[in-house]
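Enquirer: Chains as they are written, first to last, in my numbering: chain A, -4 to 103; chain B, -12 to 104.
Rather than coming from a laboratory, the hints here were simulated on the basis of the structure.
Careful: at least some of the hints might be erroneous.
Stated by the list, open to error - Distance condition first, Cα-Cα at most 16 Å in a straight line; then the derived EDC-like pairs of lysine to aspartate or glutamate:
hint: 1; chain 1: A; residue 1: LYS95; chain 2: B; residue 2: GLU31
hint: 2; chain 1: B; residue 1: LYS4; chain 2: B; residue 2: GLU55
hint: 3; chain 1: B; residue 1: LYS4; chain 2: B; residue 2: ASP50
hint: 4; chain 1: A; residue 1: LYS95; chain 2: A; residue 2: ASP2
hint: 5; chain 1: A; residue 1: LYS(-3); chain 2: B; residue 2: ASP50
hint: 6; chain 1: A; residue 1: LYS95; chain 2: A; residue 2: GLU10
What you are looking at is a predicted structure, and each value in this text was computed from that prediction instead of being measured.
For reference, the chains in residue letters:
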Amino acid sequence: RKEVEQDPGPFNVPEGATVAFNCTYSNSASQSFFWYRQDCRKEPKLLMSVYSSGNEDGRFTAQLNRASQYISLLIRDSKLSDSATYLCVVSGYSTLTFGKGTMLLVSP
Amino acid sequence: GAGVSQSPSNKVTEKGKDVELRCDPISGHTALYWYRQSLGQGLEFLIYFQGNSAPDKSGLPSDRFSAERTGGSVSTLTIQRTQQEDSAVYLCASSLAASGRSGNIQYFGAGTRLSVL
């Protein structure tokens, strides 16, 4: 099993749609979880941390299920500017392990 | 404050030449990471520094790759005798402390795009 697995997509959605991504991870000892966003030909940037109780930041909601070892990201009211690759990130022993990302394309 | 700075932003070299890539982390960040990202692929971990020492070099793909960090700040990634398969974007990230157990957020530089002809 890969350390962090994500559906590569692409997810094609119209503006205003709600879209959800899931990610599974293999290291049950992981303590910290994040979603990063990477625009085409740019560096990854932190979107949000993921907390055990779930957390929301505007149109973005992240959830963590430790028992099933998966993380989710929900984007409501999608904007054109949300088009990017979303990377699921999990802490390991000394560093972070990045998933390969899920591509989102939002169309007018 | 300045973010993570990488130079050069682009590097074109001939097969067999050596290249040096530089990373200047955010001031005060003790941990520094190098990754490689080939076109359309995910991030590939190369090496991690805590201060000037490298506790985890497990991702370096061959002995042609080496890295050092001096003064707990700037790091240099050196690729000797470059091959065409080394062509990729090399990304550097830094965090306040090691990102493992503490989950410290990593901040990335804009990367160096390396093309080996």
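Enquirer: Each of the hints needs a verdict: does it hold here or not?
Expert: Each hint, compared with the structure:
1. Straight-line distance between C-alpha atoms of LYS95/A and GLU31/B comes to about 9 Å, which keeps the hinted pair within the 16 Å bound.
2. The suggested pairing of LYS4/B with GLU55/B is violated, with an alpha-carbon distance near 19 Å, which exceeds 16 Å.
3. A threshold of 16 Å between alpha carbons decides the hint, and for LYS4/B with ASP50/B the separation of about 15 Å falls inside it, so the pair holds.
4. Proposed proximity of LYS95/A and ASP2/A is supported: the alpha carbons are some 9 Å apart, at most 16 Å.
5. The hinted pair formed by LYS(-3)/A and ASP50/B fails the criterion: a straight-line CA distance of about 25 Å is larger than 16 Å.
6. The hinted pair formed by LYS95/A and GLU10/A fails the criterion: a straight-line CA distance of about 24 Å is larger than 16 Å.
Checked against the numbered hints above, the structure violates hints 2, 5, 6; every other hint is satisfied.
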